[in-house]
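Student: So you can see what is in the structure, the chains are spelled out below.
There are 2 protein chains.
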Amino acid sequence: MRMSNGVEWALHSCVTLSQTQEPVPAARLAELHGTPPAYTAKHLQALSRAGIVHSTAGQIGGYTLTRPASEISALEVVRAVDGDEPAYRCAEIRQRGPLGIPAERCSRPCAIARAMAAAQDAWSLALARISVADLAAAIDADSDGTAMADVRRWLTTAAG
Amino acid sequence: MRMSNGVEWALHSCVTLSQTQEPVPAARLAELHGTPPAYTAKHLQALSRAGIVHSTAGQIGGYTLTRPASEISALEVVRAVDGDEPAYRCAEIRQRGPLGIPAERCSRPCAIARAMAAAQDAWSLALARISVADLAAAIDADSDGTAMADVRRWLTTAAG
Ligand code: FES
Ligand code: FES
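Sequence lines, in order, name chains A and B. Number 59 in the numbering used here belongs to position 59 of the first sequence; there are no gaps in the numbering. Heads up, the numbering used here is the position in the second sequence plus 1000, with the first residue counted as 1.
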């Protein structure tokens, strides 16, 4: 089971975007963590499709969060990039073979599939409870309160 | 994020093995859910490496669980087949770019990585709490108590 590595970039970029109301050009988001343009564009598109970021065109065009960072959960960002299919997919193997259960008696998911779904729910709930604002605050706390100020300062400087 | 589809087979097969003390030949486990011999062998090997099943050679050779099914968790079976790497892997992107944090100040995992690890822990805990015996009981309850009796009966009949 492996998550797309774009999730790390997307979460960090949403934290960055939470530090400004001004649109941030894709090139600056790429510069911040040293990601290639195509990679950056692909994941910004995913965040945009999921309604997490909004792009504005024009000379000062770029990306902003669509909502306050306290209203965007880590789960939304993860799903935007990694998809929202559950990790475990039941192929109904209980219907196969000599003891196969007829499909019409399989309307309720298999007990094994239910256990796996419950685990996925526990995972989702943990991430639904954490917002992008929480992550920004936690990163800031780890840096003794300098990290987000550094991000804000960097965002207001001209691109290198 | 996607789990190996062998997990479904492995969990069902452990439930099957929980119904007998006698070794069950790989060919019978393959027959039960219609899986190809190579697929079956590969996953039995994984379960064996993880210490969940034990193989005995000889004329009545086959596989047995190494412990009572109540002492084998769903988590162990999932990890045996799918591996135990966490789904989210932090590539330390915080160390990259113009605001990169020096590695020596990154001994504590990033707050984002910690949030992802906490979600993984919630997932693991949910599966650690469910045993193969629980799954067998739940499947049996779903069938109004006929499923495990059918498995036991089938296991005692000669291979077709
Ligand atoms: S049939 Fe899919 S988990 Fe049981
Ligand atoms: S550096 Fe990897 S999650 Fe933040």
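Don't take each hint at face value.
As the list claims (entries may be wrong) - According to the in silico footprint, chain A covers these stretches of chain B (three or more CB under 8 Å from chain A):
hint	stretch
1	1003-1013
2	1022-1034
3	1044-1055
4	1081-1090
5	1125-1131
6	1136-1142
Stated by the list, open to error - In silico negatives: residues of chain A with every beta carbon more than 10 Å from chain B:
hint	residue
7	PRO23
8	GLN45
9	GLY58
10	SER124
11	ALA138
No wet-lab data here; the hints were simulated from the structure. Note that CB positions come from ideal geometry on N, CA and C, so glycine has one too.
Student: If a hint holds in the structure, say so; if it doesn't, say that too.
Tutor: Hints and how they fare:
1. Note: the stretch 1003-1013 of chain B has 8 residues with beta-carbon separation from chain A under 8 Å; the three-residue rule is met and the coverage holds.
2. Counting residues of the stretch 1022-1034 of chain B whose beta carbon lies closer than 8 Å to any beta carbon of chain A gives 4, which reaches the threshold of three, so the coverage claim holds.
3. For the stretch 1044-1055 of chain B, the stated coverage by chain A is violated: 0 residues have a C-beta nearer than 8 Å to a C-beta of that chain, whereas at least 3 were required.
4. Requiring three or more residues with a Cβ within less than 8 Å of a Cβ of chain A, the coverage given for the stretch 1081-1090 of chain B holds, as 7 such residues are present.
5. With 4 residues having a Cβ less than 8 Å from any Cβ of chain A, the stretch 1125-1131 of chain B passes the three-residue criterion, so the hint holds.
6. A stretch counts as covered by a chain when three or more of its residues have a beta carbon under 8 Å from one of that chain; for the stretch 1136-1142 of chain B and chain A the count is 4, and the coverage holds.
7. Chain B leaves PRO23(A) outside its interface by the beta-carbon criterion, the shortest separation being 19 Å against a cut-off of 10 Å.
8. For GLN45(A), the condition that its CB be more than 10 Å from all CB atoms of chain B holds, with the nearest at approximately 19 Å.
9. For GLY58(A), the requirement that its beta carbon stay farther than 10 Å from each beta carbon of chain B is met, with the minimum near 25 Å.
10. Residue-level check failed: SER124(A) sits 8 Å from the nearest beta carbon of chain B, not beyond 10 Å.
11. With a minimum CB-CB distance of about 3 Å to chain B, ALA138(A) fails to clear the 10 Å threshold, and the non-interface call is violated.
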